Each structure stands twice: as C-alpha cells, then as structure tokens.
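Chain by chain, the residues:
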Amino acid sequence: MTSTCDIVLGHDFPDLAVDRRHVVVSFVVGRLGVLPGPMRLGVSVVATLVAGVRTLGGDGVIVRLSRMALPLVGEYFRLLRSLSYAYIWETWPDTTPTGAESRTRTVP
Amino acid sequence: MTLTCDVLVIGSGAGGAPTAALLAEAGLDVIVAEEGSFVEQGSIVPFSLEQMNRQYRGGGVTVALGRPSIAYTEGRCAGGGTEVNSGLYRQPPTDVVARWREGWRIDDLDPDDVATLAAEVEAALSVQPLPGPAGEPSLALQRGADRLGWKSDESPRWMTYPEGDPRRGQRQSMTRTYLPRAERAGARLVYDCRVDRLEFRGDRATVAHVTHHDGRRDTIRFRDVFVCAGAIHTPALLQRSRLRRNIGHTLAVHPTVKLAARFADPINVPDDVPVHQVKEFAPDLSFGGSASHSGLVALALLDNWRDFGSAVVDWPNIAVYYAAITSEGRGRVISLPGTTDPLVTYRLTARDRALLAQGLERLSMLLLEAGATDVFPSYRDAPRVRDRRSLARISSTFGADKASVMTVHLCSTVPMGEDRDKCGASSHGRVHDTVNVYVNDASLLPDAPGVNPQGSVMSIAIRNARHFLTEARRG
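Listed in order, the protein sequences are those of chains A and B. Here my numbering is used: the first residue of the first sequence is 650, the next is one more, and so on. Here my numbering is used: the first residue of the second sequence is 2, the next is one more, and so on.
Hints listed in this document are in silico derivations from the structure and should not be mistaken for laboratory results. Keep in mind that this is a model prediction, so the values were computed, not measured. Be a bit skeptical, because a hint or two may be false.
Here are the computed distance ranges between Cβ atoms for each label pair [claimed, not checked]: (1) 683(A) <-> 335(B): 53 to 63 Å; (2) 694(A) <-> 422(B): 30 to 40 Å; (3) 659(A) <-> 140(B): 22 to 32 Å; (4) 678(A) <-> 109(B): 18 to 28 Å; (5) 218(B) <-> 683(A): 38 to 48 Å; (6) 694(A) <-> 398(B): 48 to 58 Å; (7) 652(A) <-> 224(B): 46 to 56 Å; (8) 218(B) <-> 710(A): 45 to 55 Å; (9) 352(B) <-> 694(A): 30 to 40 Å.
Just a sample of chain B residues kept apart from chain A, beta carbon distances all over 12 Å, derived [unchecked claim]: (10) 29; (11) 68; (12) 149; (13) 166; (14) 189; (15) 306; (16) 309; (17) 310; (18) 316; (19) 342; (20) 348; (21) 352; (22) 370; (23) 403.
All residues carry an ideal CB built from backbone N, CA and C; glycine is no exception.
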C-alpha cells in the first residue's frame with residue numbers, strides 16, 4: 650500500500666515535496682489501517698493484487714491502472730486519492746494542482 | 002467485572018441519549034454503554050480530518066458496497082452523530098408519519114402526537130433560526146432558488162447563539178442536553194465500551210458481553226436492554242446475538258451527489274454548512290450545502306481532476322453543494338463472523354439513478370442563476386458547466402456508477418410495526434420474539450423520511466421510552 654500510494658502521488662503531484670509526500674502516504678496508510686473489518690479485508694486483497702501487478706509491470710503499470718475505471722481496483726485507487734487530496738489541501742491549502750507550495754492565488 | 006442495572010442503553014446518540022434520560026428520570030437504574038470516546042465540543046475543528054479520526058467510525062471511511070458504492074459516515078463518540086452532523090433540524094413530516102402508520106401497521110402512531118413530541122425536542126435542543134443573516138454559501142442557494150421561482154427555506158438548527166452572533170452557534174447536541182440530564186438522574190455513562198453481543202435465556206436477554214478500549218472484557222447484567230447503536234450497528238449487534246428476522250434487510254438512505262461551484266468573490270466558509278435548503282422538488286429531490294473547507298473542495302474536484310484540478314487554488318471562491326434524493330433502493334447490513342464490523346451493501350434503482358442526474362442538472366442551473374461562474378459536478382468525465390447550454394451535457398454524460406455518491410442519513414434496518422412480514426420490531430420498538438430487547442434509534446424508521454431524520458428519530462425515541470415506562474408501571 651505504501652509504495653502504491655507513493656507512486657500514485659508522485660505521478661499526480663510531481664511538484665509535491667518528498668517530505669510532504671511521505672507525510673501524506675503515512676496518513677493514508679494509517680487511515681486504511683482503521684477501516685472497518687470487511688472493508689479492510691477487501692482493500693488488503695486489492696492492494697496485494699496491485700502490488701503483484703507492479704512486480705510484473707513496474708511503476709508505470711500502477712499509474713495506468715490507477716487511471717482505469719475498473720470495479721474494485723478503481724475504487725481502491727479512488728480511496729487512496731480521496732484521502733490524499735483531502736489531506737493535502739486541508740493541511741496545506743496553498744498547494745498548487747501539481748503539488749507545489751504557492752501563496753499566489755490564480756483564477757483560471 | 003460484572004455491572005448490573007435495570008436498563009442497559011447501548012449507544013448515546015439521538016436515540017440512546019433521550020432514552021437514557023427519560024428512564025433514569027423515572028427512577029430506573031440505567032447504564033449507557035458507548036463505544037466511542039467523550040470529546041469536548043469545540044476542541045476539534047468541525048468537519049476536519051482530525052474530527053473524522055476521533056469522532057467518526059473508521060476514520061470517516063465507511064462504504065456500502067454496490068454499483069456504485071455509497072460512502073457513508075457514522076458518528077462514534079459520546080453523543081453519536083449529533084456531535085458531528087450539520088445541526089440542521091426538520092420536523093417529522095406528518096404525511097410521512099401517516100404513511101408509516103398505514104404501511105407498516107404501527108399502533109398508536111398519531112402524526113399529531115409525534116408533532117407534539119417534536120415540539121418537546123425543539124424546546125430541549127433550543128431549535129431556532131439564525132439570529133442574523135446566513136453565510137454567503139447559504140444565501141447563494143436562496144438567491145438561485147428565488148430567481149428560478151423555486152421554493153427554498155432556512156432550516157432551523159439546534160444551536161444557541163451567545164450574544165446573538167450567527168457565526169458562533171453552540172451545538173445543543175446530546176452531550177449538552179440529554180446525556181447530562183441522564184447523568185443528573187443517576188445514569189452511569191460508560192464510554193470506550195463496545196457491546197459485542199447479548200446473551201439470552203429463552204426469549205429474554207440477560208447479559209451483555211462488552212470489550213473496553215484497552216481490551217478488557219466485562220459483562221453487564223440487566224433487566225431490559227435498549228439497542229440504540231444506529232442503523233448499521235444496531236442490526237449488526239442483534240444479528241451477532243442471533244436475532245435475524247427482518248433485521249438488517251431494509252437499509253434506507255438518502256443518496257447524495259455533489260458539485261463544487263465557483264463564484265467571482267470569496268464564498269467559502271470552512272467550518273460551517275449552509276442553512277438554506279431548496280425544496281421545490283421535495284421529497285424526491287432536495288438541494289443544500291455541504292462542508293466546504295479546502296480539503297473538501299479538492300475532494301469535490303477529484304473525479305475529473307485533469308479538467309477541474311486547476312480550480313483548487315481558487316478554493317476560497319468555491320463552495321460545495323449537494324443534491325439528495327429519496328431512494329427506492331434498499332441495502333443490507335450483514336454481520337460477519339470474526340469481526341464486529343458488518344458488511345453493508347446498497348442497490349440504487351434505475352429511478353434513483355435518473356433522479357441523481359436530474360438533481361445535479363437542476364442544482365447546477367440553480368447555482369448558475371445564483372451567480373456561479375463555473376460549476377464542477379463530482380463524477381468522472383463531468384463537463385465544466387458555465388452556462389445553461391452546457392447543462393444538457395450533464396444528463397448525457399452522467400452515470401451513477403461514475404459519481405461519488407454518499408449519504409449521511411441511514412435508517413430502517415429494524416423497521417417497527419405489527420406487520421411481521423416486514424417489521425423487525427413491534428410498534429414501540431420491542432424486537433419481535435423477545436420480551437426485553439428494544440431498539441430505539443434510526444433503525445426503527447420504516448423508510449428514509451426525505452428530510453434530516455434527527456427530529457424524527459428523537460421524537461420516536463421519546464414516544465417509545467414513555468410507552469416502556471407505562472408498560473413497566475403496569476407490571
């Protein structure tokens with residue numbers, strides 16, 4: 650789970666500082682650890698499958714997989730992203746969409 | 002260690018707290034067992050991840066599996082959901098109460114009596130409108146509705162406002178109202194104490210097996226027990242205690258979809274929710290505002306981050322809104338061996354899916370009328386809506402399976418009534434085929450009421466507690 654989350658965040662937020670990324674990953678993994686029992690079991694199964702796929706295909710496969718709307722697997726990646734994105738912008742509200750720190754607000 | 006009492010109340014939320022207060026005030030020896038901790042109000046930022054960590058079950062990450070899965074949240078703390086919800090109040094709708102009475106054959110359920118009980122709840126919780134103008138996200142809802150000629154109103158809240166400041170409301174949740182009443186009357190409140198199962202002798206429950214936060218195990222002996230652990234964990238506990246008939250089969254919720262709306266000027270209020278709701282299409286469809294701090298804005302933009310993500314830097318100008326439906330779908334709560342957490346499922350019907358699409362489209366229209374420059378619906382591949390012409394793209398691209406569907410209103414898993422083909426409990430909450438096990442929370446509501454259910458839950462809980470006392474006096 651830790652490495653999968655790290656890969657996804659590294660791809661989604663190329664400008665997110667490494668120390669921040671580690672904090673986010675640690676938060677996400679902590680939250681997954683307190684999921685209700687059946688959900689935790691399901692997430693563990695999917696996480697193990699995804700880790701197996703990574704062993705065969707490398708980090709790039711994880712990124713591609715995370716963008717696909719597959720049943721269960723898609724929900725697993727959505728869960729990782731939901732927790733990560735909520736944490737990033739609640740903790741550092743001035744973060745840019747690429748993960749960089751910024752105090753300049755822009756209106757597209 | 003074994004504790005002993007007249008009545009064990011399991012759970013301290015909107016059902017358990019008034020139950021405990023009324024029974025203790027009547028002179029019964031009451032123990033309240035609450036799985037969560039006591040958290041002082043005001044010590045945590047509302048709607049924050051920290052609050053989810055300390056006061057929600059599973060850190061706020063709980064899901065009813067289905068296509069789509071529906072995220073839900075449950076309070077798990079002293080006071081239950083009343084400590085963490087929006088604090089908005091709606092009376093039990095009289096037509097809904099009448100429909101419940103007929104459809105589930107509920108004895109003594111007079112809509113006028115329920116209205117009287119609701120008035121009692123309103124007085125106890127200081128239910129009132131804001132003493133001043135609402136926040137801008139709320140006024141935007143009202144403005145959009147007015148321009149479209151749609152009905153909207155301000156939902157009162159169970160809050161007090163020191164010095165009349167509408168921005169400094171103090172929630173009159175269970176830890177501020179009914180739990181102190183229970184304690185003053187002698188009830189013992191035991192926090193961080195999960196009830197694992199009830200033990201039976203014939204049709205009478207006699208002992209609750211509990212586990213404390215530190216792993217210690219105890220038993221609590223009682224004469225009667227009220228299970229008020231909420232619509233998920235009440236049926237789960239009953240199932241673990243081998244009570245299964247019509248228990249956990251009919252979960253009802255208000256499925257909800259969201260969007261983020263950006264305005265030209267700052268609108269975001271991070272620590273509160275709008276009080277206005279749009280009822281033009283109620284009860285099928287209702288619109289309101291959600292918590293909108295920066296993290297939740299990011300969450301609302303997440304499903305189409307590639308196209309919407311750039312807006313996140315403008316979160317002070319963004320507020321999150323919801324469209325909620327009354328659903329024809331139903332779900333199940335299934336207790337599994339080896340875990341205290343049940344498996345929860347929910348299935349939306351085709352009508353539910355169509356209604357969710359309609360809800361997002363109409364809510365987007367309303368927010369454009371209110372002055373939003375962009376609307377970002379929360380589903381995969383959603384269009385950015387900037388004008389009325391682009392509204393039609395919602396109905397052509399929306400699919401419930403692509404949306405972030407969620408709910409906070411869970412009920413109906415042990416419906417009350419005399420129709421034994423579909424009811425798990427009697428007209429006053431006693432679990433069928435038992436003599437002393439009562440349910441007294443949202444599980445009893447026969448279906449989702451189409452409005453915030455806390456007023457309904459509390460009114461019914463008071464009704465049932467009083468009926469229990471009347472029966473007890475008769476011996």
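Legend entry - Violated hints - listed by number, lowest first: Structure breaks hints 1, 3, 4, 5, 6, 11, 15, 16, 17, 18, 19 and 23.
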